[in-house]
Each structure stands twice: as structure tokens, then as C-alpha cells.
Amino acid sequence: MPFSRRTFLGATAASVAATTRVFGATKAKLRIGLLLPYSGTYAALGNNITDAMKLAAGERGGKLAGREIEWIAVDDESDPAKAPANVNKLIAGEKVDILTGPVHSGVAMAMMQIVRQEKTLTIVTNAGAQAVTGQLCAPNVFRTSFSNWQTSYPCADVMLKDGRKKVVLMFWNYSFGQESMAAFKEGFTKGGGTVIKEIAVPFPQTEFQANLSEIASLKPDAVFVFFAGAGAAKFVRDYADAGLRDKVPLYGSGFLTEGVLGAQGPAAEGIKTTLHYADSLDNAQNRKFRDAFKTATGREADVYAVAGYDTVHALAAALEKVQGDASAQKELIAALEGVRIDSPRGPFRFSKAHNPVQNVYVRQVKGGKEAVLGVALKNAEDPAFGCAMVK
Amino acid sequence: MSFSLFGLQVLNGVEQGLLLFLVASGLTLVFGVLGVLNFAHGSFYMLGAYLAFWISAGTGSLLAAVLIGIPVMASLGFLVERLAIARLYKRDHLSQVLLTYGLVLLFNELQRALFGNDVHGVDAPRLLAFRIPLGSAQEWPAYRVFTAAACIAVAALMRQVILKTRFGMRVRAGASNAEMVEALGIDVRKLFSALFSAGTALAALAGMLAAPLTTVYPGMGENVLVLSFVVVVIGGIGSIKGAFFGAMLVGLSDTFGKVLLPGLASAMVYAVMAAVLLVRPRGLAG
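Chains Y and R supply the protein sequences, listed in that same order.
For the first sequence, our numbering begins at 47 and goes up steadily by one.
For the second sequence, our numbering begins at 39 and goes up steadily by one.
Derived from the structure by calculation, the hints contain no laboratory data.
A hint or two may mislead.
[What the hints assert, rightly or not] Rough simulated footprint, nothing fancy, chain Y against chain R, three-plus residues with beta-carbon under 8 Å:
(1) 49-57
(2) 71-77
(3) 112-122
(4) 296-305
[What the hints assert, rightly or not] Covered by chain R, per the in silico footprint, the following chain Y stretches (three or more residues, Cβ under 8 Å):
(5) 133-146
(6) 261-271
[Said to hold, decoys possible] Capping the alpha-carbon separation at 16 Å, the derived lysine to aspartate or glutamate pairs in EDC-like fashion look like this:
(7) Y:Lys211 to Y:Asp267
(8) Y:Lys243 to Y:Asp267
(9) Y:Lys100 to Y:Asp125
(10) Y:Lys293 to R:Glu177
(11) Y:Lys265 to R:Glu147
Note that the Cβ used here is the ideal one computed from N, Cα and C, for glycine as well.
Let's have the full structure, built from the sequences with the hints guiding it.
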């Protein structure tokens, strides 16, 4: 449709008497802040989230509810110490309408402290810290990714169904690992399983030989682990090299194999994990999204890109309900709460605590690829411990 | 802890220590003889690992990677010494730390530009792709045994070179009194260049051997650097023999720390270092 500034102004002028509020709001660009890592270990994650957000905006003609978008990106360097300054730069300095990000949970915690005060509408696009939609939950904060609980609790049931009753837990000893383990243990002991040993490895240490010998001597039914990134790649290889892969099956939250399958090679064969997404998820949305992302960036999409993609589509749907007026925050929040997204991950909506209610899938590595075995927990909803909005 | 588990853990510790020795030996030589605190030593380790990944992905052979990579890294070490380090011999340690830390940043950026931030796995040579059963429960990959053997071989070779050759004699002399060596008419500059590129090659070789065991990832050099400094300090600066026993001590205390005191495992190595320094302030061989 040809759409020039003149026709736009003409149309707006015609209806200006009726909608003076909308006039001011639709004219200005929508300022979306991105607080993401563009350098360091998590740079690839930050870039995938950003590109997927822009892809989603492009699918909507580069506009959300008729407003053009101005992206304001800040490299958070995954550094919690720099987070307050970076958040303030976006909120006070750049006066963003909507703040999105980050990847790192430590950065998210610092961000929460500020946006709870400033009431900026915030959408967390990755960080899985429980507190974001738990103790620190706030009406103006949403999350489109996951909570740590959602990635680990459902695995307990999967293992019990596989007949693994006596397990060893092994994890990186920082908040992500600790929260994963707590969630898993909650489900596992409730279902009648026993945890015979917990091995906490200091983050980001990757020398596992001593612990593997320990596991071999304990002879558990299975091992449940939390590692991610480089540590996950090394752990899975060491585990197979120690001859444990065929004797003691390995389970984990999906981050054990996400993005590192190539580095793990045949050592990862047979590992079962739970996550709210899998590359091979067979639905029309996912195929369309993956093709579009590949065409736009030349890279394969991943679980991080999905969160970025859904963020913009959820935001667009909600903004349309308020005619693009982001300053009408109360109405915008209500609209977001009512949003139903047909995501590449499957359908999702926001819970009362503003965390996604979404399916968690069982995945197994087969032939170097993540195969989806089924749904581990349908419409998994984070328990949102300590969130005042839930009662 | 049962006796068999104890034995396994001793093996784990020794194996970890041997690889650490390979890195630390180059560091202690450069520190002891050239008097240079070389922070970039970890970067050479990292570059070695990335070269192993890159060349073996291209040729399908880790051996080819080592044969091509070692001369490349030795030349790089030679260049770095000539262009940068050589200007620092008369300066204090602070200038050296600044320069070599700058090199760390430079090499990290280089790695990012050339290889990106992904984690890469390197396959062990096919000949060694089998496993050796240890007791009833665990197995050891043959490649781990091979690396341990290779480290012992390199250690033995270094011992021969340092004790039995003219070059080794000069290195020993340089370590105890460089000015006197110079006064005796030996070209110290050449000696230093050769030594620095040998140190670089040792770090790179360690990186290459370790690549199939550790995977290859950004920042892998820094982790190793810190432990290597601990080894050098425990062993006594400039002493290869000290570095060997220091590395064993660090490997074993790290391994047993993890099993016996998991909460304090990362502090264990430093506690051992402090204990050694209390008894022998100049290190084991100092």
C-alpha cells in the first residue's frame, strides 16, 4: 500500500478531534531498548536475540501498531557490575518506551532493582533467574524465555518414567545451576526417587576427572547435570571418554546440549534433556521461523532467537489493542496479559507472574541432532515462589 | 574412599599434573632466565589449541596439526620476543606485565576474529580412539594415557637437553647469573630468543595435546595461566625439576580437594602453595 507522510498526516488530521491522544503517540517512533551482550562468551546469544527481534518486526512491515521502531542497543558485557549504569543509560538517557534483555541472570537482577522503581515496561528475553517472576515479580515486568524451574523440574518425571530411581546430581555452583538442581530435586523426591550424591563444581571450572571417578564408583541409575556452553561441551565428552555414557545414562536441562552439539560430537548420542524448545520441533510456525531466520542472517536459529522473535510479536499484539500508545501502561500490561502467541516453540501465554506458560519437551540426541520424543510437561507453569501478584 | 577409588584419583591427579607441567615448564624457563613475567604464555597455549582444531579439521590428522603447528608457534614466539619482549629486559616487572597483558588482549581478539566464539571439539587420533578399562566401573581413553606418556617423554627430553647439552648449560648459567654469562662472551640475545620460542612452542604443544581432552574455547588460556603461575611459584622460579614436582602437587591436591572437600576445592591449590612457601619461601627447588 502506498503510504506517504502526506496521506498519513491527512488521515490523522481528519480524525484529530476524536483521537488527540493517539495522534501524539502514533507519530513518534517507538523506542525499544536492548540490553544484551554483544561481546564476551554470550555475544552469540545477544546477536541471535537481536536479529530475531528485527526479523519479527520486519514481518510486521517494520512497524508495531503503526509506529516505526527505533532500536537502541547497549552491550551489557554480561557484567552485573555495569548493569545499573547501562540500565539507567537506556531509561533515563535514551528514554526508551520498552526495555528488553538481558541474557545473564546477574544483569537481570540488577535491572529488576531499577525497573521496579522506574516502572519501565520491561520484557526479559533470556535470563532464567527465578526471582524475575518470583520474589521480585512486578506488573511492568514480563518474560518471554523461561524460568530455570521450567527447564529442570519436568526432567524428574522423565527420569522416573525411565526407571531411574537412584541418581547423582552434578552442577556448576552458581545461581542458574543451584536453581536447576533445587527444581529437579523437588520433582524427583516427590516422585519417590533418591538423590545419592550432589556434586557442586565451582563455576566456571571444567576439570571433571576426579568427579567422574567418583560417579563411576557410586554406580547410580543415572546422572542429572547442569552445565552450559563450553563447560557442557567438555563435560559430555569427558563423560563418554570415561566409559560412563553406556553404563550410566546422562540427563540434563536442555542447556546441556543447546548450541554445543557440534563440539560434543558422538559423545552426546542418547542424552535426554528437557527444554521449552527444540530446533527440530515439528510445527508450521517453527519451520517458517527457522527458514526466515536462516535467510535473514545465514545462521541457524536457536532457543535464544525464539525468545527474541516472540517478544516482538507479543508486544505488537498488545500494542495494537492500545492503538500503539505505549504511555497507556496499565492498558498495555492488561493487553500483554491477554496475549496468546502461536510461537515456534508451540502456543504460549503469560502466567499471573508474567512468565511464559509453555510446553516443555523431552529431547534426545540422535544422529547428532536433537529429536523431540514428546511433551514432558504440558503448559508448564512456574510456581512463582514469593511472587505477590500470584495470590 | 575405597583403595581402588584412591588409586584412580591418584592417576587422575598425576595426569592433570603432567599436562600442567608442560605449560608451566615454558613459563618457568622464560621467567627464570629472561626474567620476564609472561602473561601471554596462556595465549600461546590457547593459540596452540585453536591451531590443532583448525589444522586437524582441514587435514583430518592431529599429528599433522602438531607437525605444522609447532614450527608456526615457535616462529611466532621468536617474532614476539624480537619485536616486543626484547625491549623490556632492562625494565621492571610492571612494564612487562603491561606489555604481556596487552598481548593477551591482542591474541584474544585475534582468536575471536579468526575462529569466533564457538566451542569446538577436536577428535583424538583414530589410532588412539579406544578406551582402557580401569577397575570395574570406569574406563580411561587411550588418548589420555598417550598424553601423559608424551608429557613424560618431553620432560625427559628437556632434562637431557638442560643437563647434557651446551645450550642447556647456557640456559642453566643464564638462570643463575645472566650478566656473568654475557661477560663470558656468550650472545645472550640469541640465547634469549631461542629460549622464548622454545617456551612458546612448549605452551602451544600443551594446547595441542590438550585440545581433544578439554575442547577448544575462548578464554581457555587464562584458566591455565593462573594454575601455571602457581606451579612455577611452588616449584621455584626457573627450575624445571621444581616445576615438575610443583605440577604433580597441584594436580594431586586439586583432584583430592574436589573429592574430599568439594566446597573448598578451588582454594585447595592455593592453600598448598601457601603451605609450601611457609616451609620453603623460594619454592621446592629454590
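How the hints compare with the structure:
1. 49-57: holds (count 4)
2. 71-77: violated (count 0)
3. 112-122: Check failed, 0 qualifying residues.
4. 296-305: Holds: 6 residues of the region 296-305 of chain R have a Cβ under 8 Å from chain Y.
5. 133-146: Not satisfied, violated; 0 residues make the cut.
6. 261-271: Contact hint for the region 261-271 of chain Y vs chain R: holds, 3 residues under 8 Å.
7. Y:Lys211 to Y:Asp267: Between Lys211 of chain Y and Asp267 of chain Y the Cα gap is close to 6 Å, so the pair holds against 16 Å.
8. Y:Lys243 to Y:Asp267: Holds, because 12 Å separates the two Cα atoms, which is no more than 16 Å.
9. Y:Lys100 to Y:Asp125: Distance ~24 Å between Lys100 of chain Y and Asp125 of chain Y Cα, so the pair is violated.
10. Y:Lys293 to R:Glu177: It holds: about 11 Å lies between the C-alpha atoms, which stays within 16 Å.
11. Y:Lys265 to R:Glu147: Violated: Lys265 of chain Y and Glu147 of chain R sit about 44 Å apart, past 16 Å.
Consistency note: the structure conflicts with the earlier hints numbered 2, 3, 5, 9, 11.
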